[in-house]
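S.K.: Which chain is which? The protein sequence lines are A and B, in order.
Numbering-wise (this note's numbering), the first sequence opens with residue 651 and increments by one.
Numbering-wise (this note's numbering), the second sequence opens with residue 651 and increments by one.
These aren't lab readings, by the way, just hints derived from the structure by calculation.
Hints may be right or wrong, so weigh each one.
Just so you know, same-sequence chains aren't split out, so a pair can sit in one copy or run between any two.
As the list claims (entries may be wrong) - The calculated lysine to aspartate or glutamate pairs, modelled on EDC-like cross-linking and capped at a C-alpha distance of 20 Å, are:
{"id": "1", "residue 1": "Lys875", "residue 2": "Glu920"}
{"id": "2", "residue 1": "Lys676", "residue 2": "Glu920"}
{"id": "3", "residue 1": "Lys680", "residue 2": "Glu920"}
There are 2 protein chains.
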Amino acid sequence: MRDKIEKWFKNFQERLTADLETCDGKATFKADQWERPGGGGGEARVIQNGAVFEKGGVNFSAVEGELPEAAAKALHLPDPHFFATGVSVVMHPENPHVPITHMNVRYFEAGNGEAWFGGGIDLTPIYVNKEQVTFFHQALKTTCDRFQPTYYPEFKKWADDYFYIPHRAETRGVGGIFFDRLTATPEISLEERFAFVQAVADTFAPTYTAIANQNRNLPYTEQEKAWQLTRRGRYVEFNLVNDRGTKFGLETNGRTESILMSLPPLASWEYNLIPAEGSAEAAALACFQKGIDWVNQ
Amino acid sequence: MRDKIEKWFKNFQERLTADLETCDGKATFKADQWERPGGGGGEARVIQNGAVFEKGGVNFSAVEGELPEAAAKALHLPDPHFFATGVSVVMHPENPHVPITHMNVRYFEAGNGEAWFGGGIDLTPIYVNKEQVTFFHQALKTTCDRFQPTYYPEFKKWADDYFYIPHRAETRGVGGIFFDRLTATPEISLEERFAFVQAVADTFAPTYTAIANQNRNLPYTEQEKAWQLTRRGRYVEFNLVNDRGTKFGLETNGRTESILMSLPPLASWEYNLIPAEGSAEAAALACFQKGIDWVNQ
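Start from the sequences, fold in the hints, and give me the full structure.
M.R.: Following this line, the structure appears as structure tokens:
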């Protein structure tokens, strides 16, 4: 099972980078293989200065070894041995009308034999095109509904809660789905969990590139670019202050450049920037809240 | 005592912003008063788009109330009531030859009657002029030596350890001094601690502006500006991932815009950027390590 999953993830990285290169049309991914001193390794693939993507990464890893005590405790694992494999993606487009996006699929095996899947997809628009957000959430819901009727509502809420920045009282973007520790249950086998994760992974490229292709040639102003840099600043805040995945990676001596490839090529912080009432920026900000029903808006 | 300290700090903010405005020569600080829902408040002063300072802040606060349980526990305080006052400064110059700097002086009173001072000054050059770094450390040492011969070596090492980014295996810059929980002891009264903190505060402006004035008109290239944005990225990483002060502020529901005024106006993250051997950037990087004896280099 472990081998099968690892191979599927590695192949998914191949297919996804090809799809994103086709979308970009100009730049290609550069690959960087690395080994983890404690066991295993991975392949970072990074695209920079493309026609659509100013910076983006599609990382594959398959690592094993022993978790530091604090990390094992945080996961409620009595035995520190682990195996983990996954693909992690963050894309930072150059045009502020093309949303930032993140996706991740992962598989974890603990030393005590427990095994589970986790993952998710979420969207961080700079300006919010509500029809496109509905299209995005509907695509996720359609995939979820093929497996369990509870998946979409549960995992959509999970994403709202996870991608939240308490010190800003804002969500990072318009959410998506997030799930973790999907183990086998009496009703759902690990194979079925895997089939769901595969379906989530395969939903990503067609859904995201459809939105990117609709917006990639929209003209934009300096003010719109400035708002993008500000929102990228929030993205940095979330990833460095709030994201448990980043924290876990840094604390378990993961490869820093792979973990932090999620950070934007350029970001800004202006003191106390509050968008003018009635502006497109204020309208976007109003969408960065939990609990918005994007499918039935 | 509490009143006397608070008044001195508020007046120090006045004097310091005046000194920094004189140094800048173009922009002025804008003041922003705020109240803390739990008790107390402060005044943020921010300068933007100056001749020297692209962005900087000099914040005064005097707050009181009850610490959240986790924060009280982290400080080993049985009683959550507290009073805290201080001034916090971060300056981000526009010219990559003028170092970023940070300084902070603070006084804390716990509910059980314990009282202490903390603070420090540190320098984050983008390119390292070693003579200037020695001048900077010598100025701190001279001030420290007026009080206790142990202060400089102890607080210099504390700064090396505090301003360290484990996931980069780098210090934030060339350090300075850092100290915390300087309580009254049988040998040193709280008044003497306060006199030391006042002397540290008053060392900041003449020392830092001397360096800023030497370098402010140095020409710089696009490559040097790019290296500045990368180093500012590291500054963001330290402040959001490693800085206990920022963490404390965000977790105790401090005023986010005041806490995060330390973040730079613009920062960048390029994937796996490694300076070329023998370059000025590589030479700078070699200085961002613990344990360098800058006074006797």
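S.K.: So, for every hint listed, does it hold in this structure?
M.R.: Do the hints match the structure? See the list:
In this assembly of identical chains, Lys875 and Glu920 lie within 20 Å of each other by CA distance both inside one copy and across copies; the values are 14 Å within and 19 Å between. For a Cα distance limit of 20 Å, the shortest separation of Lys676 from Glu920 across copies, 19 Å, qualifies, whereas the shortest one inside one copy, 32 Å, does not. Proximity of Lys680 and Glu920 under a CA criterion of 20 Å is satisfied inter-copy only: 13 Å between copies versus 33 Å inside one chain copy.
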